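Student: Chain by chain, the residues run as shown.
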Amino acid sequence: MTPARRGYVVEEDPQSRWSLPAVTATIAGEAFRTMASGSQHGVEMSVREGRFDWVDRSLALVVVASTALVVAGGVVQVSFGIYSMTVVEAWRAVFAREVILNPNAWQAFAFGTELPEMSTDSVIAWNMRLPRVLVAVIVGSALAISGAIFQAVTRNELASPFVLGVSSGAGFAVLLTLVMFSSLAAYLPLFAAIGGAGAFLVVYAIAWKGGTSPVRLVLAGVIVNMVFHSLQMGVFFFVDDVGVAKQAIAWTTGSLTGTDWEEVRLAGPWAALSVILAFGGARQLNVLLLGEETASSLGMPVERVRFALSGVAILAASAAIAVAGIVSFVGLIVPHVVRTLVGSDYRRLIVGCAFAGPALTVTADVGARLALGSVQMPVGIVTGLIGGPYFLYLMRSQEKLGEI
Amino acid sequence: MSERAPPRQTDGIDAEISDATGSAAGSDFEGEGLVVGYGDEPVIDGESVAVPAGEVTALVGPNGSGKSTLLKALADQLSPDDGTVRVDGREIHDMGSKELARKVGLLSQENVAPGSLTVEDLVAHGRYPHRGTFESVNEDDIAAVDRAVSLAGIEHLRDVEVGSLSGGQKQLAWIAMALAQETDVLLLDEPTTFLDLHHQLEVMEIVEALRDESDTTVVLVLHDISQAARHADHVLALQDGEILARGPPEEVVTEELLREVFRVEATVNYCMNGPRIVPQSAHHDDE
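These protein sequence lines are chains A and B, in that order.
Counting from 1, one number per residue, gives the positions in the first sequence under our numbering.
Counting from 1, one number per residue, gives the positions in the second sequence under our numbering.
Hint data in this document are derived by calculation from the structure and do not stem from the laboratory.
Computed from a predicted model, the values in this text were never measured in an experiment.
The beta-carbon is built from N, C-alpha and C at its ideal position, and this holds for glycine as well.
There is no bait here: all hints are sound.
In silico contact screen, one side only, chain A against chain B (beta carbon under 7 Å); selected entries: (1) Val287; (2) Leu290; (3) Glu293; (4) Leu298; (5) Gly299; (6) Gly343.
Restraint-style ranges between C-beta atoms, simulated for each label pair: (7) A:Val87 x B:Ala143: 56 to 62 Å; (8) A:Ser397 x B:Glu135: 39 to 45 Å; (9) A:Ala205 x B:Glu135: 29 to 35 Å; (10) A:Val88 x B:Gly115: 44 to 50 Å.
This is chain B alone, in the form it adopts within the complex (with noise of 0.2 Å):
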């Protein structure tokens, strides 16, 4: 833990001028006392969450921790039996279903789609918020998915069905469409989970390209910690449905977290190319 992450590429001048230009820095996005859950049983029993603007936060944990619940209900896709979501300062129920769909977009873990559906349509559809029911595309929707398509780095793919498409493709392909949306917040549910290495980079450069390029708030869950330690700015680890720890990847992920929410042994090490975390042993439950 003696030595800290070198800086992220954005030098001095890129960060003032994203600043003089003043985009605000990405949208404020916050829940409150979530309390969300399927049936009785809440699963996320009161927990806040203040997700910096224009920043990455990473939700980690073990499986069934919560992570994508309580994704789902800042996404407004699960309605929390108690507490609020705001955007902006507004809270997200109060908003129509399309308006909040231009604020915040999410992309859930597993999606289907028609396998003789082209990339380029099923990224333009990316833009259902933004049409009214009978209005036809137009000049904006056009260039929103253009610019979709490459910052995925797939313009290649563009007349592609998606059938025939590997998981790596089929995912970028995805993620291209939330991108489509263009919202200041997005919502990734474990989009590196599956992928072959090189589509797992490929991911969360975009993720990356988004905070740097356009202010996007991003909050998404990551089933590898290291890489979470790695890309997030924020880093927030649920257990059980509560947030043990939450903040900058050097301070939460930590020997002792691993070992308490994970229930792992490793060395975790921050050296000059990133944080490095040794995986040791798992602890058994009978111990």
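Excised from the complex, chain A in its bound form (with noise of 0.2 Å):
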């Protein structure tokens, strides 16, 4: 693939550029940078090249297959629903000047004043149906990078956000504000990333004995996890309404039912810090796979540096869970496609999943939110139906799982 080829498909992504445009902004201009630079030099200059030769063949497919699909779910979710369209009535309503180049929709999308008159067509459309999309890219793209570091951190292809307890963690703490302090609930994803945090201390803290295993921080988030697994069962004792009860089960298994601009506004700016900083920890993360004495010796303060990007994992995590609740095996799936598809290089891996992450969750949202007919699931079982066999079938195929 040629650079202007790599530029020309990640500017003309709208889908993603909304989400992350940070890394968008990084690769575009890379591939401007490649394209002035011209592509003179040799191929055993490769790490002459500069910063970018790391944009390969495979992730540009990967970006552009996950771009698609993304689209392709986007398109289906906006046109079909209860109140139905079609793909042409859908694609208008998206593209209504009313909408698209009034700034006062805008500033109604970003920061919630008041939604100026449009056609109801575009009212579902916009305040309805595309932002639940876009959280669904939010979320994908929080979980898959919150995996990609944890993998790396504990050097361990089954970490995830949920097997390191942070998942449970900030479940709980996102069912105890809803229940006992609900009028707090605007500021969720702080709760979420102090109970995320907080289950992970623990878990570094059982698994602390001078210095951290993989196996032994995995082992302690297991049992992290069945801790403030029963904890959640326990807030659940205390609910009195039904109506706090259903959400409450469904941020348990993870919903983006109902979810809206506020939901963008509440998780798109962590979930995009979060891209940020993994993208800037690349080259850490990587130092961090040859092994603690390497990195160690190699002059890396590795406890600070895992704790640092851990902070990172746990940020992104809880952005996701703080919208969407506890979607379960993105974080751990991801990762691991993308990792099959370009290699372990972070920052091949970590631009992948921000892309890759939002295809999973967008296509899964679509079934949970249509396959039933006029019931909505929560989207977190249908990526439990398509997670789980899938990771069956990796350790069915794969001899070595586990170390990466």
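Got two chains here, each in a separate frame; can you build the complex from them with the hints?
Tutor: As structure tokens, then:
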């Protein structure tokens, strides 16, 4: 793939530009620079080619295919539902001048001000269905990035925000907030992050013994998971309102039902920030993959770096959990699939995950929303149904699963 | 013991040139009063090591004698309970982690890398301590990677994935990574163990080239005592965490030492072709 085409693909992709402006800008800028510098460098000078020789065909393929899936899923989501439109109508509604050329509308989406007048089609498309797709994009990106980071930090392919207790900790915090302190619901991501970080710290403390080993970390995560799970069940005990109970169940299974621009505003910035930070930390993640001893003898303050990167992963997971609850398997499966496609270089892996994660969540949400007709399933059930068998297949087909 | 090993390849002229250019003949590297261990019981209990600058020093000893522990302490990968390690007179514990990694490199005994990593990318990781967190590859890094790859003799493997290399090639790639770090002191933990004869020699030739061409101070743990006797300028023999003997190989690697430290009967001859160590029999515990 030529640099020019690389730039073209990324530039022409509206979906990804919304969710991942920074990464998109980085790649686009890189493509531009590569174009500007020309491709006179020989093959033997691959290091010489500068900062972006890592963007390769496999990554471009992942990005393009994922984007296509997200767009296709988005078209389906916007067109179909209880209020039905044809694809053409949906298209018209989405690209209606009264919306996309109206600063008031954008203000309403971005800051939650009052929505200006627009057609019913446009309201449905722009205010109900599109934001749900966007939330799915955000959640998919954030969870995939989170899992990718955790897998490098623990040097274990089985690591994910779920395995390390982050999900259950954040989920518990969210549940507690919903049930006990419902007036503080606006700060859900914050509480989720606190809960996730708390759970991770407990896991780290249990696993710490003059350093941490991947195995101990994962085992400690399983234990903490079980404890938080019990605590979650305990919170259910205090629910007297059926509505709250339903909401709480949706949380623990992971659901995008009823999400709108508020959720986009709530999680979007944090997800974007964590994607940028993860990409910035890609080289540290790569060196961590060489093992603690090597990383340390190369001059990396290993524990500090691991802690900081874990913080980024917790932030990403919490942003996702705060708006969608615990969507299972995304953080585990996506990094794994992307790794088999683009290799273990975290610069590629992070970018790949940022695109492939949304592909999974958006497609899964199509199934969750439309498969059963009038009844909507939590998306976490669908990702679980896709992810579980995939993982079983992996366990059967790969001899060595676990260490990266 | 009557015959001495022949003088090494560095003839008079070479020696004069390297002295004249005065590259300070490597870095002084020493550990003093080191107490190191993993738990309550120290493995090394108050030993001092002075590594001659710009020369090759081998640590030998039976399994569990504390060779690797000593090496890790020298590299500050294990903080000693007591004692200090100094490089060029500065305490390494006071140095920043990257600063230290620009001075002292350590290659561990067992190394793992993602299989899809290319040799070149692995070697480039050796530049980690020379780069700022968000700094990109610069000319120095590229030159260092080129030098390391060529010194390790793996130019033909540059674009090969680490996962598809043989054990020996893998070790050369890892050594190239440590070389790209461009440290004054290089510590190698059993770099030849598990390698076939060809790759063992390749590794030792790299070590000698490092000493001769860039005045690097090399400390390596060797399992093979005759390899130590053949290639090292100095030998430290350890037993139960104690340094029993130190000095040039001819003085350290003797029949008495093999009997005492390694508990084997052997004949040792230093002849024109280097030292010859012929093991005869092992002493048994019940003796």
